[in-house]
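> What follows is each chain in one-letter form.
4 protein chains.
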Amino acid sequence: MRLLPKLGRKLRRWKKFKKSPLLRKLDLLHERCANSIQLEKHRSKIIFSISARKRAFLETSQDYISRLQAECTDNTDTSEPLSCQTRKQFLYNGTFHEAVGKVLLTAQLFAMMPVRGVTAKHPSSLNFSWLHVRTCCCLLFIASTLIDLSLTIYKVLDGPMSFNNIKPIIFRSCILLVCVTALNLARKWPELMMHWHDIEQDLPQYRTQKEKWRMAHTIHMVMLVGMMLSFAEHLLSMISAINYASVCNVTDDPIKNFFMLTNDEIFFIMDYSTPLALWGKLQNVYSTFIWNYMDVFVMIVSVGLAAKFRQLNDNLLKFKGLHMPPSYWSERRIQYRNICSLCGKMDNAISLITMVSFSNNLYFICVQLLRSLNQMPSVAHAVYFYFSLIFLIGRTLAVSLYAASVHDESRYTLRYLRCVPKDSWCSETKRFAEEITSDLVALSGMKFFHLTRKLVLSVAGTIVTYELVLIQFHEDQNLWDCDQSNYS
Amino acid sequence: MRLLPKLGRKLRRWKKFKKSPLLRKLDLLHERCANSIQLEKHRSKIIFSISARKRAFLETSQDYISRLQAECTDNTDTSEPLSCQTRKQFLYNGTFHEAVGKVLLTAQLFAMMPVRGVTAKHPSSLNFSWLHVRTCCCLLFIASTLIDLSLTIYKVLDGPMSFNNIKPIIFRSCILLVCVTALNLARKWPELMMHWHDIEQDLPQYRTQKEKWRMAHTIHMVMLVGMMLSFAEHLLSMISAINYASVCNVTDDPIKNFFMLTNDEIFFIMDYSTPLALWGKLQNVYSTFIWNYMDVFVMIVSVGLAAKFRQLNDNLLKFKGLHMPPSYWSERRIQYRNICSLCGKMDNAISLITMVSFSNNLYFICVQLLRSLNQMPSVAHAVYFYFSLIFLIGRTLAVSLYAASVHDESRYTLRYLRCVPKDSWCSETKRFAEEITSDLVALSGMKFFHLTRKLVLSVAGTIVTYELVLIQFHEDQNLWDCDQSNYS
Amino acid sequence: MRLLPKLGRKLRRWKKFKKSPLLRKLDLLHERCANSIQLEKHRSKIIFSISARKRAFLETSQDYISRLQAECTDNTDTSEPLSCQTRKQFLYNGTFHEAVGKVLLTAQLFAMMPVRGVTAKHPSSLNFSWLHVRTCCCLLFIASTLIDLSLTIYKVLDGPMSFNNIKPIIFRSCILLVCVTALNLARKWPELMMHWHDIEQDLPQYRTQKEKWRMAHTIHMVMLVGMMLSFAEHLLSMISAINYASVCNVTDDPIKNFFMLTNDEIFFIMDYSTPLALWGKLQNVYSTFIWNYMDVFVMIVSVGLAAKFRQLNDNLLKFKGLHMPPSYWSERRIQYRNICSLCGKMDNAISLITMVSFSNNLYFICVQLLRSLNQMPSVAHAVYFYFSLIFLIGRTLAVSLYAASVHDESRYTLRYLRCVPKDSWCSETKRFAEEITSDLVALSGMKFFHLTRKLVLSVAGTIVTYELVLIQFHEDQNLWDCDQSNYS
Amino acid sequence: MRLLPKLGRKLRRWKKFKKSPLLRKLDLLHERCANSIQLEKHRSKIIFSISARKRAFLETSQDYISRLQAECTDNTDTSEPLSCQTRKQFLYNGTFHEAVGKVLLTAQLFAMMPVRGVTAKHPSSLNFSWLHVRTCCCLLFIASTLIDLSLTIYKVLDGPMSFNNIKPIIFRSCILLVCVTALNLARKWPELMMHWHDIEQDLPQYRTQKEKWRMAHTIHMVMLVGMMLSFAEHLLSMISAINYASVCNVTDDPIKNFFMLTNDEIFFIMDYSTPLALWGKLQNVYSTFIWNYMDVFVMIVSVGLAAKFRQLNDNLLKFKGLHMPPSYWSERRIQYRNICSLCGKMDNAISLITMVSFSNNLYFICVQLLRSLNQMPSVAHAVYFYFSLIFLIGRTLAVSLYAASVHDESRYTLRYLRCVPKDSWCSETKRFAEEITSDLVALSGMKFFHLTRKLVLSVAGTIVTYELVLIQFHEDQNLWDCDQSNYS
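One line per chain: the protein sequences are A, B, C and D, in this order.
Just so you know, we're using our numbering here: the first sequence kicks off at 85 and counts up by one.
Just so you know, we're using our numbering here: the second sequence kicks off at 85 and counts up by one.
Just so you know, we're using our numbering here: the third sequence kicks off at 85 and counts up by one.
Just so you know, we're using our numbering here: the fourth sequence kicks off at 85 and counts up by one.
Next up, chain A with everything else stripped away, as it sits in the complex (with noise of 0.2 Å):
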């Protein structure tokens, strides 16, 4: 029944899909079958010399041929891609929009992002209001986060103060932090698609389906392995923690030893009591997923831009070397652009996330490294020990190299300006190739850092220095006594 219309209204987009781009390409197309038969003519004129370097242009212009012919097929009969693909690869059209909806459906039932219509199928959709019950919900999860906080600053400053002592105010804070910019941002997001949506039509459109899907596909797994890991992570934490509270039993009610244990702030100052116990446990779920999904958003993002730019230079891969009109380059000059203006307003919506994310992965690191010095008390404890810190590890170094991937695919397109022919080297492509050299693309935390593979190194050798240091801080200090709770 709710299909039918759902069916219609898919059809009719993607014959509107299907018309567009050929609308758009119909003078380009026109100008390459012209090249092309000036190719083929060429060919027959220089078919019988011999030089090695002829035969590689030769080489080129047979290439571009069968590229072109391909692209014809593709171009008048796309049925054979469509039939050999899967129901679900079918109902792509490559947006970004549709790629997060899932995404972000996700974080809207841990009281993230809280946006209508992100499931649909265009961004016109979307819409934000104070209103709303997802609104409600994230207002009330942040009001009790701000509760929880100020307990846990409560119980931190009655005890001395000290590097690894105020762990659990970081992590609120951070989660709070990111909490309040994601009401913000998703205030912004029904904008921030629209303009994604309008950049992403105007780009040139992938042949096939398998194509369209793939930014999709990476998104996907992007997000399912990381709630994946830190779902085992905090069942890791879980039994560790157990394990941790036999050992230390204030009581005799295993499962009072276990809840005063993960929400010793609320616990400090307020009796056990099962109410109070059920809400720090979900705090304590939500926070945990908060400061996951922070991170996986990031790289989502990071994906979905570098995406963009990947399906630019795809294009420009396949004209590679060829005698391409001025147009052709004011066009992809002018899509660049548009990308990096994209680029450059998402940095700006969650730049302050990147930030916290990165600080905070820097952060927890350390207090991971530094911990790691101490004798583990248990089997469960160092299985969870070195799982954590291998997940912080592998999840930081994730973040880094998807948001770098979005400067190496904006530099990439460099290439292909360096072999444009010296007789289509106009000055179109000379500002295409300046502006790439001079602009700086890249996702950044505040404008302070630009993530950059460069980045991974410094950050790496910052951990390496800090470690250092801290050893020697540190040194006799014991961590894993009873007194102190790692579990935030």
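Among the hints, a few may not be true.
When chains are identical, the list treats them as one kind, so a pair holds in a single copy or across two.
[Claimed, not checked] DSSO-like cross-link-like pairs, simulated, lysine-lysine; straight-line CA separation at most 27 Å:
1) K404 with K514
2) K506 with K404
3) K272 with K531
4) K429 with K506
5) K294 with K404
Read the hints as simulated data drawn from the structure, not as lab findings.
Go by the hints and put chains B, C and D onto chain A.
Only chains B, C and D this time, still in chain A's reference frame:
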């Protein structure tokens, strides 16, 4: 009585102002009108096409026409925006000299920047003379500081030297250095302000009083907030010192105790006497003001320079993506170049102050962080200490970010050049883009470092590293004992 | 018997080589001749002018003519340079494949790079198969290393972990990683060499055999010196171990003592047996070779790439400051671009090896420097230790400098472009100059860092910083006791 | 008697000098005259317009005419500036060879730079031979230093090694390295000076003797101040050593005590004898001179190179903002290129000295700062120590800043190119601007680092970091005991 000639002068200036930009923009407007007619034609011609990209262009042209109309309205009939402005805003013509007048006047109350005519309407009224009362006050204060510094050095060298103990020497040396630099700057100030004024007059002018008033508003806010916080910090420092003096009571007289604590360098070699105590207190108040003022001054100059770049950028934004003649770009390029050269001149004039401000803040943050490791002797101390530390870090961050905004605004111009349409891309736009790309326009600390957002990260990194190293160095030493004065 | 067909093949290739550049340079030479006549006229006209700068120009033209004549002589009559070369040099045609043949053959003796046809004259003879004996040997060694690594991890995890103790794990992991990477590289090797060969054939060829032989000579020297020093280091290590074994004599049998010391990870869980000891020794020798070979390999590839840039630069030097047609510059630009893309391909293929080599060297230098703080138990130890340390530092420096030479040579081209006369400055020269300026052509460690001369300074700085931090960390601990084996 | 031929030679050179620039500038002047007439017309035409920007332009043209007139006066009638100059200034024709003559002569007194003809008027008189007395002296000193170094190594290796103890080895190794490098430089010096002279002759010449004398004056001042301070430091060192020797009196003879203290490496293996003591003292004096001279030498070369860039910039300043023909810019570009290549040649020749100078200063500052943590045994020590430390830091800063001035001056040229009017902006100006932008012209330490102002900050940061790390390392150790000699 006195208001009438003032108002008359203002009216004349207002008339002049209203005429001069009109004259200056006649030829430019002419071009625009021609452009607009052409666009209107273009619009009617393309009104039936429906491609997405064409529509975007259409919106641009519609947008352009509405912008042009809005502008024409502004030009021919400014009565509306004028009537809705407050009297204060009406008075501003948007020059830096005018905006900075009261800030400099305040500084002169504290024996700095002894130049006459700072509140005059035109920078030509500025003049410096060695024989003015203000200059003499300034020289007197420098002499007084010199004596105080000598006494401090004598006292400090008497005991063992350490990173923490030399704080009073560093503090007073910086005050002295800044005072002498400010005196030197005062000599050059009239010339600098004339240069600034000339460049300002040549820039594209704002239409509304509100826009003109913006820079002055920011400058006044920076000054006000900076001075308020500085005053609060000084009060807290006094309360904390009174509290401290009552604990380490050397004599029975609490006032005497207080002065002997806060000016220990004086009473280390001299007996207690009320005039000396008052001199010490005065010296203390003045020093504290200057210590804060040097940061505020760097911020204010930064705000001024960034506002000039923004003025140019706002004009470029108006015509973003439109077909402009080469003469437009040539004019903008020369204006950009002028602001750059102004930046260079201001940087040469104040870079010593910038450097002192930065290194001083860096050193004080390190010392304060070092002290934070010790237990606080009382609650008053703790409140003062944390307020002081947060104020210090906030001030340093504010200086860094305001100073970095000059660089950010200067790079922002590039965005508008990236949107120049293909047909309007000419030798002038290219030269403009290349110059922005290759120049580094920013305030600097003696050219050793440039104040950009990247620097903030380095500074933060350095502070953390120093802190970690310092932690180990002073681990067990108690810095809060009665023998040592921490009230410099 | 076998020499004849080889010689015949060589002769044919030689002929082909002699013909192809002639053909390729006919049009170029034609231009040059026209140029030369024009210059001669110019010379007679300006012969009487006496200004200093004119004279300089005159010298240039004279120089040009003499260079042209020298070149003509080279072209028409190459018998003279041929006759004065040794037979060995005669055999080289200057390709990288030929130069690197014996180096790869040596590597294959130690179970690396299992690709067939490395000593063949043409890279088309290269092929890789999983079923070759060499591949099987390689896989066998990888399996053997894996077992050894497991034993090592088991032994190390048994005791407390420290920066120093994990050395055997790091060592064996690196060996394993490099072996697997080399196996993977072997699969891509035939294709890479074909690409390299194609680009080489297109470059301006050297005239004399001596110049052709130069690259091969450098490569062989690097290999020889590297292996000699590595052999000497291994011998010293054995002498030192024998000496050490006699001090910490566990059993009466000195040979058994030696093996139990050098392969303590095997005999930690198994009883002593001669076959196991021999396996351990073999594993040891192979590991040591591979540990040295990875550095040598990076050096050799760097020498090869730098030589290709030099080949281009040598051609540009010949025509430095002369009036060359745009076609000349276009050709050179494409050749430059080809070498750049070759660099990129080689970098992609070997960057993991580069990274392992660098981080490994960095870690080992730090560990060795750390050990240098302890007293040496004997003179044999001291000699071995300091030889080993100096060898390590020298090797790291050599890798850095050879790798940096690729970047240096790629930038060198810019100098010749700076000397292009005003009249010959065209769109092509400009594009060439801009491309060199904006590209960073260098080997890299997984793109995280680029191997330039600046890196050497950073690495040196890092080592010194680490050393100073390490000094404090392990101050009192004696690392030369019998319980710990330092012979990995 | 001897003065007459000298004066005759000078007169002839003077005539030649006066003629050659006139000849060289005839065509340029012609253009200027045409320009001037045109400007005069332009001026009369625009004399009535009153816009602010027009007025600015008018001022420019008036300024230009006055500049041109001033220049004409200079050209036709130089008697006035000549008459008011001292005789000494009259003698200079502004070449680097002439300016550096006495500096090299002084160096030769201390067995360095053994090249003949340094005080000759023309660099063609320079020559180097292995058989000169100077060369023999130099070789003798190298041999003597080698012996001294061996003795030092023997003594140091006898005790435990530390950062502080190896100071004498570092000191003597640096001296030896610099001596050998200077000997090698002496061989290349005649050629370098001829190259320098050729480039100098081609540059736009100064009109007045005062301007010509400026570079020589700076060089002499640097040499004088450097040597004076070095002499003062050596005297203080001796006084402090005498004072110290009287405390740790080994024997009764105070002179013997002094020599046994300052040359402890000699008397560690040999008995005391006066000739040995004198040799040690001589060696000491020479070493101290060379240790200071290497810094002074780097400064002097920097002053020379920066002066050449300034000479070019002064010419560009003269015609700043005016309409100049492309030939003018082409000429300037080639001159700029020549100075760049001169920089490169000089850098290649002296970069080892630069590197030794820098690393040596860095090490010595660290060692001195480390010693500053200990209590001084006497006032003489304290005075010497602080003078020495401040001198060391000042010298390092001076070397850095003078060397950085080469880079600063080379970038300064860009400012004049930014002011080229729209109509005069041509291919040549563009090429000039791009070349300056993309090249890094600076002295370097073996190309590992470039001497720019940014380096100073890094060096300062490194010193502070090292200091903080060193503080912890040597906290309790007393470095001022009688067993250790600190007088190397």
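> Each of the hints needs a verdict: does it hold here or not?
Each hint, compared with the structure:
1. For the identical chains of this complex, K404 and K514 are neighbours both inside a copy (16 Å) and across copies (21 Å), given an alpha-carbon limit of 27 Å.
2. In this assembly of identical chains, the alpha carbons of K506 and K404 lie at most 27 Å apart whether taken from the same copy (13 Å) or from different copies (22 Å).
3. Taking identical chains as interchangeable, the C-alpha atoms of K272 and K531 lie at most 27 Å apart only when both belong to the same chain, with a minimum of 20 Å there against 35 Å between chains.
4. For a Cα distance limit of 27 Å, the shortest separation of K429 from K506 across copies, 24 Å, qualifies, whereas the shortest one inside one copy, 36 Å, does not.
5. Taking the shortest alpha-carbon separations for K294 and K404, only the intra-copy value of 22 Å comes in at or below 27 Å, while the best inter-copy value is 38 Å.
In summary, the structure agrees with every hint in the numbered list given earlier.
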